[in-house]
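Enquirer: Here's the letter readout for the chains.
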Amino acid sequence: MTLMPNDTRRGFLALIGAGLAVAARPAWALDTGEARSLIEQSLAEVYAVINSGQPAPQMYRAFEAIFARYADVEIIARSALGPAARQAGAAEFAAYRQAFQGYIGRKYGKRFREFIGSKIEVTGAKPVKSFFAVTSVAYLKGRSPMEVEWHVSDKSGESRYFNIIIEGVNMLASERAEIGAMLARRKGDLAALTADLQQAG
Amino acid sequence: MLAACSADRGDDGINDPYEPMNRKVHAFNRGLDARVVKPLGSGMSGGNGVGSHAVGAVGNFGSNLAQPGKVVNHLLQGKPGPAARSTLRFLVNTTLGLAGFLDPAGSDFALPEEDTDFGQTLATWGVGEGPYLELPLIGPSTQRDAVGRVVDLVIDPMRGWLNRDQYLIGMGARVASKAGERGRFGDSVDSILHESADSYAQTRLIWLQHRRHELGEEGEHIDPYAE
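Line by line, the protein sequences give chains Z and W. For reference, each letter of the first sequence is one residue, going 201 to 401 in the working numbering. For reference, each letter of the second sequence is one residue, going 6 to 232 in the working numbering.
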C-alpha cells in the first residue's frame, strides 16, 4: 500500500493548518498550549517554594512574587475593589494594589501545609469567551481529588491568569465580597482599607 | 419556576430575603463552632494516627448507613448506573467492610462514594433553588435543600431496617464524622468563619458556589476585562 493511512494524512493536514494559524497570529497571542504551560510553570514554582522548607514569612514573600509574575494583579485588584476603583486616584490605587498583592500572598500562602505531599495535574485547556480555561486536578492528602480551573487572558498585553476556581468556588468573587466588606467597614476610605490590607491575610 | 428563581437573584447571584434572620443564626453557629465543634474536631483528628483512623472508621460507618438513601435518590433522578454502583458499594462495605467501618468498595473495587441527596433530586426535577437559608446547627442551605433534608429523613430505607436505637447510633456516627471533618479541614473553615471581614457573606457565597457547582447550576464566568 502506498497510500498513507487516513488518520496520518488528516494529522499531516492539521499540522499544516496549525502552522498557518501560528504564522497568521500576532506573536504574543495566547493559545491553549501557552495558557497550559503558564499554569504548569507557576505551579512548579509554587511547589518549589513549598518543598524548600524555608520559614513561613519568607515563603509568603516568595508566593507573593510568583503571584505577581503569573497573575494579572492589576485586574484582580481592580475587580476586587469594584466601583470604588474608578473613583480612586492613580497613586492611591497603586498603594492599594501593592497591599492587595501582599495580602493575597499571605492569605493563600498560609494554607501551604495542606499542599505538602500533594500534586496538581494540569488536564487540559480550552477557549472560553475571550479567554482560556486551564483545567487541573488537585490531589491533596486525605481528600477526594478537587477540580481546579484557572482563567488565563492576554488582555493586559501579557499572558496572565486572573481567576482560580476550586470546585466551583472562585477567588475573584470571594475577594470581591471580602474587599467589599473591608471597605464598608472603613466607610469607603480606600487609604484606610490599604492600611488594613497591609496587616491582613 | 427556574426562570422565576434566577430572576430573584441579585447581580451577585444571591437571593437572600431572610438575611437579618440568617445573620442571627450565623452568629449562633459561629459561636458554637468556636466553643464546641472546633475543640471537639481538633481533639478527634489531632495528634497521633490512631485518633484519625478511628475518626475515619466512624465516618465510614456513618456514610455507609447513608448509602441506601442515596440509592433511592439516584433512582428518583433517573440514574440507574450510580444507583447500581451505590447498592454494590453498600453490600461490599457492609459485609467485607465489617458493617461499614472499612471501605474496601472504594479502595479495592473502584466503587467510590457517589454523593447525592433529595435536594439534588428536586433540582433534577426542575425545582428552583429558592432563597438562601442558614439553619441552626446544620449551617448553609437553601429552601430547596432544606426541604430535601427533611424528605431524606422520611425516605431513608434504613429507618425500616434498623430499630430506633440502631438508627440513632447511625445518625450519631454521621454527626461525629462531620466533627472529624471540621478537624481535618480546620484551616479552611477557620479562614472563612473566623478570619474574614464578613464571615456571613463569605460563607454564603462560598457555599452557594460550591453547591451550584455540584448540581451543575453555575452561573456565567466572570470576565473582569469586560467590566
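One or more hints might be untrue.
With a cut-off of at most 27 Å between alpha-carbon atoms, the simulated DSSO-like pairs for lysine-lysine come out as follows [what the hints assert, rightly or not]: (1) W:Lys183 / Z:Lys319; (2) W:Lys183 / Z:Lys310; (3) W:Lys84 / Z:Lys307; (4) W:Lys43 / Z:Lys310; (5) Z:Lys355 / Z:Lys387; (6) Z:Lys310 / W:Lys84; (7) Z:Lys326 / Z:Lys355; (8) Z:Lys341 / W:Lys183; (9) W:Lys29 / Z:Lys387; (10) W:Lys29 / Z:Lys341; (11) Z:Lys329 / Z:Lys310; (12) Z:Lys341 / Z:Lys307.
I should point out that these hints are in silico values taken from the structure, not numbers from a laboratory.
Enquirer: All hints, please: hold or fail.
Expert: Status of the hints after comparison with the structure:
no., hint, in the structure
1, W:Lys183 / Z:Lys319, "26 Å, holds"
2, W:Lys183 / Z:Lys310, "24 Å, holds"
3, W:Lys84 / Z:Lys307, "41 Å, violated"
4, W:Lys43 / Z:Lys310, "19 Å, holds"
5, Z:Lys355 / Z:Lys387, "32 Å, violated"
6, Z:Lys310 / W:Lys84, "41 Å, violated"
7, Z:Lys326 / Z:Lys355, "17 Å, holds"
8, Z:Lys341 / W:Lys183, "18 Å, holds"
9, W:Lys29 / Z:Lys387, "23 Å, holds"
10, W:Lys29 / Z:Lys341, "35 Å, violated"
11, Z:Lys329 / Z:Lys310, "33 Å, violated"
12, Z:Lys341 / Z:Lys307, "21 Å, holds"
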